[in-house]
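S.K.: Sequence:
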Amino acid sequence: MERWTDGPYRIGISGWRYAPWRKAFYPDGLPQRAELEYAARRLNSIELNGSFYSLQRPASYQRWCDQTPAGFVFAVKGPRFVTHMKKLAEVDAPLANFFASGVLALGDKLGPVLWQLPPNLGYDEDRLAAFFQLLPRTTGEAAELAKRHDERMEGRALLECAVDVPIRHALEVRHASYERSEFVELLRAHDVALVCADTAGKWPMLDDVTSDFVYVRLHGAEELYVSGYDDDALDRWARRIKTWHSGRTPTDGQRVGSPAPRQRRNVYVYFDNDVKVRAPFDAEGLARRLGVELG
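Position 49 of the sequence shown, counted from 1, bears residue number 49 in UniProt numbering, the numbering being contiguous throughout.
These aren't lab readings, by the way, just hints derived from the structure by calculation. Errors might be hidden in some of the hints.
With a cut-off of at most 30 Å between alpha-carbon atoms, the simulated DSS-like pairs for lysine-lysine come out as follows [what the hints assert, rightly or not]:
hint : residue 1 : residue 2
1    : K109      : K23
2    : K86       : K202
3    : K276      : K242
4    : K109      : K147
5    : K202      : K242
6    : K276      : K109
7    : K87       : K202
8    : K109      : K87
9    : K109      : K242
10   : K23       : K276
11   : K87       : K147
12   : K109      : K86
13   : K86       : K147
It should be emphasised that the depicted structure is a prediction, and the values quoted were computed from it without experimental measurement.
Could you put the whole structure together from the sequences, leaning on the hints where they help?
M.R.: Here it is as structure tokens:
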């Protein structure tokens with residue numbers, strides 16, 4: 001068994017503060033302020049979702065860091081202001097604001113940054129390439145970018161990092177125009193991971209590997225954000241994840257680009273089917289199948 005905070009697999013949930021989880025996943029009487037600490041004992045990674053809706057504060061990121069054990073990893077979802085409102089264009093200041101908002105307080109617990117594109121944003125190579133070139137690749141680069149924040153961050157910015165570690169980026173798309181080999185090659189050229197997103201058939205799900213890690217989001221097997229994953233489905237995803245880790249690509253899905261080079265890869269998996277309290281239990285079920293010791 002892998003130790004919970006070691007190994008190639010990060011299995012977790014998208015967010016942790018959901019009222020229906022209380023008395024189901026969280027024990028009856030557990031204070032809300034203790035929910036993250038509890039979840040971080042059961043899972044080894046969490047995808048921060050609040051950062052998508054609004055800029056958080058350094059004190060919040062520091063508190064989340066302090067409430068989780070050594071070796072824990074947070075993925076952080078980039079702001080919708082960048083992806084959905086600005087649609088990746090003219091985002092120099094918004095990116096600086098995001099990285100000044102406290103992300104760097106996570107230190108070596110900072111995992112991949114997720115950028116989710118809206119369903120109405122089709123493939124545009126020039127737009128994507130320009131955006132990718134703006135992305136910092138280390139926390140040191142992010143700290144330099146953060147210094148270019150605008151007046152909205154005055155008095156609330158964090159502009160330093162305690163450790164200089166790599167920053168990985170992952171892109172989730174929701175438009176059929178991305179189902180092309182040119183897109184896969186563009187991601188590889190900029191070392192950005194293509195998110196394999198299970199959306200109950202609503203949007204594209206591609207298995208192409210475009211970076212040195214794989215990022216998987218499981219939004220629901222049959223109904224978006226609602227349905228869980230039964231034993232057969234979890235068995236299938238465990239096989240797929242082991243295949244990615246081994247350096248190969250699963251053969252039971254869709255791929256639009258050329259095969260990726262064979263190399264072992266870490267795999268990050270987040271369950272976002274939280275409506276009916278399935279996400280944390282599905283995450284634990286998948287972790288057991290991958291030989292990850294539960295905390």
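S.K.: Does each hint fit the structure? Answer for all of them.
M.R.: Evaluated hints:
1. K109 - K23: Roughly 28 Å separates the two Cα atoms, so the pair holds.
2. K86 - K202: This hinted pair holds, its Cα atoms lying about 24 Å apart.
3. K276 - K242: At roughly 27 Å apart (the allowed maximum being 30 Å), K242 and K276 satisfy the hint.
4. K109 - K147: Holds, because 22 Å separates the two Cα atoms, which is no more than 30 Å.
5. K202 - K242: holds (25 Å)
6. K276 - K109: holds (29 Å)
7. K87 - K202: This hinted pair holds, its Cα atoms lying about 21 Å apart.
8. K109 - K87: Judged against 30 Å, a Cα distance of about 28 Å means the pair holds.
9. K109 - K242: holds (23 Å)
10. K23 - K276: holds (13 Å)
11. K87 - K147: Status holds; Cα separation ~23 Å.
12. K109 - K86: holds (28 Å)
13. K86 - K147: Satisfied, since the Cα-Cα distance of roughly 21 Å is no more than 30 Å.
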